[in-house]
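Colleague: Construct the entire structure; sequences and hints are all you get.
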Amino acid sequence: MTAASSSVLPRRTQAVCCYTSAMDKDATYCGECGKPLIRCMAAEECGGLLDDQGLCTVCVAPQLMIAPGALTAAKVGSAIALPISIANRSAIERPLFVTRLWSREAAGAWREEHLGWERLDAGQARPVTVTASQLTRAGAHNIEILVAVSSRWRWREESYAFSADLRLTVEGDEEKSGPVVTIGGESAGHGNTIYISGQGDKREVLQATTEAIELELVRAEREERRLGLRGLSETLWIPKNTKMVWRGFPKEDTPPDGPILTPDGILAVGRTRSRRSGGPGDVRLLAETPDGGIDEHASRLISRRHFELYIECNRLILRVNGSGGVRINGEAYGTGKEIALRDGDRIEPLVKVDGALALTVRFQVEHGSVAEVTITRVPSLKKGG
Amino acid sequence: MASQPLVLTDPNLLAEFVRETEFKAFFEKRFATPPDLAALLFRNGELINSFKGAHFSVGGLANAIKGVVGGSTHIALMLADLKPFQVQIPVTAMSKDHVEIAGTATLELQLDPDKPSNILGLMGGVSRQQFDPEMGDFPITGRKALSRIDVVDRIAPHFADRVMEAVIGRMEAADIRGETGLQDKIQADMMQEAERICGDIGIMVRAVSVQWALNAVEREEFERAQVARQQEALDYQLELLKREVARQSEATEVKVTANVDLAKLENASEDELAHMVLESEVNFLDAREAATRRQEMQALAHEIEVLRTERAAKMENQLAEASHLTDLTKEAGHLRETERNIELLDAQHVAEMKKVGVLTDIELHERKERIELDLARVAAEQSAKNLSTLMELESGVKDRDAERDIKKGNASSANRIAESKADADSRVAQLQAGARMTPEQILAINAGLSADVADVLKEQARASSTVGDNAMESMRELIKGAAEEREASRAHELNILKAGMTGATGVAHGAGGKSGRDDVSSDMDVASAKVECPECGRVLPAKANFCTGCGHKMRT
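Going down the list, the protein sequences come from chains W and V.
The opening residue of the first sequence carries number 17 in our numbering; numbering runs sequentially from there.
The opening residue of the second sequence carries number 772 in our numbering; numbering runs sequentially from there.
For the record, the hints were derived by calculation from the structure and aren't laboratory data.
Don't take every hint at face value.
Claimed, not checked - Derived Cβ-Cβ restraints for the label pairs, each shown as a range: (1) A123(W) - V923(V): 53 to 63 Å; (2) T147(W) - L1161(V): 31 to 41 Å; (3) P776(V) - E128(W): 49 to 59 Å.
Claimed, not checked - Facing chain W, a subset of chain V residues (Cβ under 8 Å, in silico): (4) R1187; (5) I1188; (6) L1311; (7) A1315; (8) N1316; (9) F1317; (10) C1318; (11) T1319; (12) G1320; (13) C1321; (14) G1322; (15) K1324.
As the list claims (entries may be wrong) - Heads up, simulated DSSO-like pairs for lysine-lysine below, C-alpha to C-alpha not over 27 Å straight-line: (16) K353(W) - K368(W); (17) K1314(V) - K41(W); (18) K854(V) - K886(V); (19) K259(W) - K1324(V); (20) K267(W) - K41(W); (21) K1324(V) - K267(W); (22) K1314(V) - K51(W); (23) K1013(V) - K1026(V); (24) K886(V) - K823(V); (25) K51(W) - K1324(V).
Since the model is a prediction, treat every value here as computed from it, not as a measurement.
Even for Gly, the Cβ is constructed at its ideal location relative to N, Cα and C.
Modeller: Written out as structure tokens, the structure is:
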């Protein structure tokens, strides 16, 4: 493979051993280093592993370039339009969606730029213009560009923000220092040479680039949270490797405590048996009679795949699948609804039977990041843990 | 080396040649002119350039050598002040009513900073000759400087008739003071004149104001006003005195007592009366005090009358208000009664209507009302639509204008973007070249195999199976196999290295009867061995450190 084409290879974000282990599609941990293998939601298509910040470098590989001919220097009081192009460098046929674009000068307020398009197919580049508004002071200005992109897989979407810096030189209006006139002479006032320096300094103030310049894009996780692209709030987010702890369930009805490691990253919660018991589900929910037996009537109201739990955009999402719906904190939600769960939420899978079965959600937070989510079944099953 | 500043020697000077003695030195000298001074450089009497803020390096040994080679040249430097300056000139003119008007015109002038060299046009009679130290004075042929006075002398004569006389001649002397329109006119005319006369010699008039002296008409007016004010004061004093006398006469009452007969007194002539007074037959007694008392009593009586009238009127008002309130209460009572009657009648009417079955009519009426409402709604919608169409049309025109502006403004950037497209396209082509990879290839490459190996494996997988899914499975197996093989070969290399390292002590090994070959084969056996995870029962290669199913640590 040539050097040029190797540039499109995805960035490797995990140890080689993890990729080797990940080739076994049922593997959930690396056999070599024991690290959990957290796969991209579109792993079926991209085969990618997420990095520690939840980014799949195979699916999401945007590239920002300044077009040749763009101005990199301006005069005080002028405005500058920077023609840039955004490319999707994904190595596989995964489209990328550029949802929003902002720019700002130094630490000023973000200014949203108009984007007339959204979809970028793999290998495609599309142009957009960023305008630096009136530059009122001379000196080196920093123009920051913020791009919000999304990777979509079926109904799911992961959004990210990347930022890039661009330096712009702004020339002042003040007069340049005067020339130096050298008057040579044998005696004072009677010379033969007059040398005037500095007069040829007619610099072109507007400098233009001669070739495309690639700008380094870096993840802007604070901006992601500030813009509401990821996380529950600016100070609270749930990473993909958050440990899920199950309380009040029989051991065989839940996956082992730990991150969500199913191939598609989704935990199916419902009436069917869990994978541990050889079924197709992940968490088994059955209603119980007061004497500890199975309440068949109430359990029949729970669908086989009643709802799904997954982490998307650093939020724990509950997606309702069952026809009976789900009640969260007393409010009923129908099929297809997606709700971001928060600390202290109470999930009631039986909408019509009040208080028969509930799951409570508790977060354990470390520096804004949720380290552990405890889901407790109420009432707890007697044989449960 | 620090530069010495070159400045004008006198604040009244506008331009000045730098004395050549300044340049005289064996070593190199450096001078600098500030940016508010223009430095005009002459060589052999010819202006070669002008600078605003410059550094000059003069003399020195190196330059002297160049001078020997290249011959000599006369160099002169003139400084010209580019800051605005103020001059005052006296002005006189005759007004429309033939009064002499005088004043002082203040002019704000400036040398044209864009054309400082034009100042040479003002320097008629100015010589660049040296100051003669022996004579102690400038030579009569001219001076080396231009002062502000020179500039005023040059332009002032042009203002006298063409501006002042022309403008003032149309005004009455009394109307000149405080007339800003007149000041503006004079300023404009003077600017025009200055432009005509000095435009090409580098003088600009920035502002003109004239301060007027007192003219004859104003002086007369002033004196007249003064006399009038004095007369007015005297009149006022007279008025005061008159009023005092009148008060006195009103308050003065005289009682006349006479010793003579009343009939005689009545028939007496004026002279006789005077005689009687002189003889004290008739006496005047001052009754002023009694009159004053009477006047006071009259004033008091008047005041009492006023108060009484006021009280009576107030009382009357209060009475009227009270009766009005009573009437209103009565009226409100009537109104409530009438309302009750109307409600009763209404109720009766509705009941009767229901009995007779006229409700259908009411329904018809309601329907009619509904139709009317619908019509009104349709009309409102139509008018709203018309209005929006009109607004769209207007905004369409504005949009087109704005679009044209945008097109115009973006013409250059569009051009640049077009230029960039070629470059971007070439990059895109590069991107697309590598953008057709399968997940297996990605996995294989990430697992450390080269892309070429991944391609070969892919082809092998395709050859070994016809069904798509099986191909993927085969691909996975092959990649896994290749990765493991690579691991095994690495282990093998390590073993060979180990054997080489221990070769020196091979005898000892031989004595022990051990062979490296046995070790390798036992390694291979280990690699092919399988173990079961005690936690989840998953079958794993024996060398696995962790269970790939549950993460259980297989080795301690």
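Colleague: Each hint: holds or not?
Modeller: Tested hints:
| no. | hint | in the structure |
| --- | --- | --- |
| 1 | A123(W) - V923(V): 53 to 63 Å | holds, 56 Å |
| 2 | T147(W) - L1161(V): 31 to 41 Å | holds, 33 Å |
| 3 | P776(V) - E128(W): 49 to 59 Å | holds, 53 Å |
| 4 | R1187 | holds, 3 Å |
| 5 | I1188 | holds, 4 Å |
| 6 | L1311 | holds, 7 Å |
| 7 | A1315 | holds, 4 Å |
| 8 | N1316 | holds, 6 Å |
| 9 | F1317 | holds, 4 Å |
| 10 | C1318 | holds, 7 Å |
| 11 | T1319 | holds, 4 Å |
| 12 | G1320 | holds, 6 Å |
| 13 | C1321 | holds, 6 Å |
| 14 | G1322 | holds, 4 Å |
| 15 | K1324 | holds, 6 Å |
| 16 | K353(W) - K368(W) | holds, 18 Å |
| 17 | K1314(V) - K41(W) | holds, 19 Å |
| 18 | K854(V) - K886(V) | holds, 13 Å |
| 19 | K259(W) - K1324(V) | holds, 18 Å |
| 20 | K267(W) - K41(W) | holds, 24 Å |
| 21 | K1324(V) - K267(W) | holds, 20 Å |
| 22 | K1314(V) - K51(W) | holds, 16 Å |
| 23 | K1013(V) - K1026(V) | holds, 25 Å |
| 24 | K886(V) - K823(V) | holds, 11 Å |
| 25 | K51(W) - K1324(V) | holds, 11 Å |
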